[in-house]
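Construct all of the structure, not just a fragment, from the sequences and the given hints.
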Amino acid sequence: MNQQIDRQPKKPGYSQFYWIFFLVFPFMMQGFKTEEIAGNSPIILPIEAQLINGDKAVDLEVARTKLDIARGLTFRESKDMADDRGMLYAGDFTSDTAFSGKDNKFATDILFLNGNRVAYIDRVEACDKQRCLEHRTNQPYDRVVEVKAGIANKLKIAVGSTVEIRFIPRR
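Okay, so the sequence shown: first residue is 158 according to our numbering, each after it adds one.
There's no promise every hint is true.
Claimed, not checked - Below 16 Å or equal to it, Euclidean Cα-Cα: the simulated EDC-like pairs (lysine to aspartate or glutamate) are: (1) 262 to 237; (2) 213 to 285; (3) 311 to 241.
Treat the hints as calculated values from the structure; they're not laboratory data.
Every value quoted in this text rests on a predicted model; they were computed, and no experiment measured them.
Shown next as structure tokens:
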């Protein structure tokens with residue numbers, strides 16, 4: 158009898174237990190809230206750009222990732238946010254991209270930019286409710302800047318104004 162013996166050790170058969178994961182996972186995720194990932198603390202990003210209008214400038218944190226764009230200025234206190242500071246949202250925006258004041262502690266101005274031209278400006282009120290008013294525009298835009306409410310007016314920025322976004326070289 159010439160029978161070949163398999164000399165390779167057999168791996169344990171874990172595949173039979175995958176069904177447990179699919180059964181238990183939905184129960185584990187019940188009540189899961191995305192804010193639990195980052196908590197209720199604000200994100201503070203480094204200053205990487207400036208919004209220039211004439212001889213006035215606003216230092217801008219730059220939100221590039223989806224999480225940073227979603228968090229934006231939420232949970233920030235007005236007293237902790239200088240008038241000459243804001244956030245630039247640099248992402249791939251679609252016509253259904255909306256901004257809201259959910260979990261914002263103060264009202265903001267949102268400037269929708271198409272190149273260096275201000276396509277639309279909207280005031281966003283702070284909102285601590287579950288559902289908040291969504292702000293969007295049907296004007297084409299490729300970047301969004303958010304500053305404290307009233308700053309756009311103070312800097313004499315209006316729809317149709319030309320502004321410059323100047324990126325600060327990294328050291």
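*Are the Cα positions of residue 213 and residue 285 separated by 16 Å at most?*
violated (32 Å)
*Pair hint residue 262 and residue 237, alpha-carbon separation not exceeding 16 Å*: This hinted pair holds, its Cα atoms lying about 11 Å apart.
*asked:* Next pair to validate is residue 311 with residue 241; report whether the Cα-Cα distance is within 16 Å.
replied: holds (11 Å)
When the structure is compared with the earlier hints, a violation turns up for hint 2 alone.
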